[in-house]
Amino acid sequence: MREISLHILDLIENAIRAGATVIAIAVEEEPDQDLLCVAVEDNGPGLPVPADIAADPFFTTKEGKKTGLGLSLMKFRTEQAGGSFRLERSCLGGLAVRATMPLSHVDRSPLGDLAATLASVVCTSPGVELRSRLRVGTREWRVGTAEIVRGLPVGGRSEIAVARRVKEQIEEGLSALQVSK
Amino acid sequence: MNEKIGSPQDLLKLRAQARSQVDLRGGPKEAQVVVHMGTCGIAAGARDIVSELVSELDKNQVQTVTVRQSGCIGLCDQEPMFTYTDKTGNNFLYVKLTRAKVREVVERHLRRGEPVEQYIMKGDAT
Numbered sequence: 001m002r003e004i005s006l007h008i009l010d011l012i013e014n015a016i017r018a019g020a021t022v023i024a025i026a027v028e029e030e031p032d033q034d035l036l037c038v039a040v041e042d043n044g045p046g047l048p049v050p051a052d053i054a055a056d057p058f059f060t061t062k063e064g065k066k067t068g069l070g071l072s073l074m075k076f077r078t079e080q081a082g083g084s085f086r087l088e089r090s091c092l093g094g095l096a097v098r099a100t101m102p103l104s105h106v107d108r109s110p111l112g113d114l115a116a117t118l119a120s121v122v123c124t125s126p127g128v129e130l131r132s133r134l135r136v137g138t139r140e141w142r143v144g145t146a147e148i149v150r151g152l153p154v155g156g157r158s159e160i161a162v163a164r165r166v167k168e169q170i171e172e173g174l175s176a177l178q179v180s181k
Numbered sequence: 001m002n003e004k005i006g007s008p009q010d011l012l013k014l015r016a017q018a019r020s021q022v023d024l025r026g027g028p029k030e031a032q033v034v035v036h037m038g039t040c041g042i043a044a045g046a047r048d049i050v051s052e053l054v055s056e057l058d059k060n061q062v063q064t065v066t067v068r069q070s071g072c073i074g075l076c077d078q079e080p081m082f083t084y085t086d087k088t089g090n091n092f093l094y095v096k097l098t099r100a101k102v103r104e105v106v107e108r109h110l111r112r113g114e115p116v117e118q119y120i121m122k123g124d125a126t
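Protein chains in written order, with the numbering used here: chain A, 1 to 181; chain B, 1 to 126.
Warning: the hint list may mix true and false statements.
[As the list claims (entries may be wrong)] Just the calculated beta-carbon pair ranges, DEER-fashion:
no., chain 1, residue 1, chain 2, residue 2, range
1, B, T64, A, P102, 44 to 50 Å
2, A, T138, B, P115, 53 to 59 Å
3, A, V154, B, R111, 24 to 30 Å
4, A, P110, B, K96, 23 to 29 Å
5, B, E117, A, F59, 45 to 51 Å
6, B, T98, A, S104, 33 to 39 Å
7, B, N90, A, P153, 32 to 38 Å
Bear in mind the hints are in silico, worked out from the structure with no lab data behind them.
This one's a predicted model, so the numbers in the text were calculated from it and none came from an experiment.
Glycine included, each C-beta is placed from N, C-alpha and C at the ideal position.
Using the sequences and the accompanying hints, generate a full structural model.
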């Protein structure tokens, strides 16, 4: 995967297939400490196995498959960039995946197109609530699909309309906070 | 919900509002495109396929097609791909897609009903 946003998309798709209905995405920067933290949390059933087994590329929960590359690829890319990768229990009740890495590391993947990533989820999985949080130091920007839906007229809440708002608001947040690319 | 329910009519009105929202956001339509978004699909460009597809449907005012996602179907070397199910229930598995191919498929198949044979995988893969 060439972007951190694509890893985020992969984690979101995992969560949806596990039955999650609420997914929280956080992209947080600590410029003073040269740190980037990316987290995806959900209200799904959580991990069926210990964390070290879940990140094994030859472990999967899918029937008929022998590999599960998503988590292991993200772990590899995070550690390659000098970072740490953790699987924990989320306060939402399901899984929390957290990747923390030095912002300026030469091997850090670019964030990529986060706005298109989240919009694509809204279009293809409209029943899922997304809660996104961007933070750079003390400045924060939140975008939530539930708030966006409530702000649209009842006749204008198609998934395409919601996705367009999500894309616009995420792009606005990335620009306003000057999130690293 | 902030409004107080004062009568059965209020309740029926709320029900109608909620139902219209559910229909608009996730209700069945005439046809469906399922984009395969397993790890392999995402790595191969499935997100761009969704973006292009939605943009083309929006631009051309195609409101009879629902876009949904699913996981890997075991044909990772053919990604990115989507399955189009037309209004008669026939499945067409479009493989090795690009943004340009998506535009062509939307125009020729989803709008005019003419399958783009050269991009369709043959057999029982769907």
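Do the hints match the structure? See the list:
1. T64(B) <-> P102(A): 44 to 50 Å: holds, 49 Å
2. T138(A) <-> P115(B): 53 to 59 Å: holds, 55 Å
3. V154(A) <-> R111(B): 24 to 30 Å: holds, 28 Å
4. P110(A) <-> K96(B): 23 to 29 Å: holds, 25 Å
5. E117(B) <-> F59(A): 45 to 51 Å: Given a distance of about 39 Å, which is not inside 45 to 51 Å, the answer is violated.
6. T98(B) <-> S104(A): 33 to 39 Å: Taking Cβ atoms as reference, T98(B) and S104(A) lie about 34 Å apart, which means the hint holds.
7. N90(B) <-> P153(A): 32 to 38 Å: holds, 36 Å
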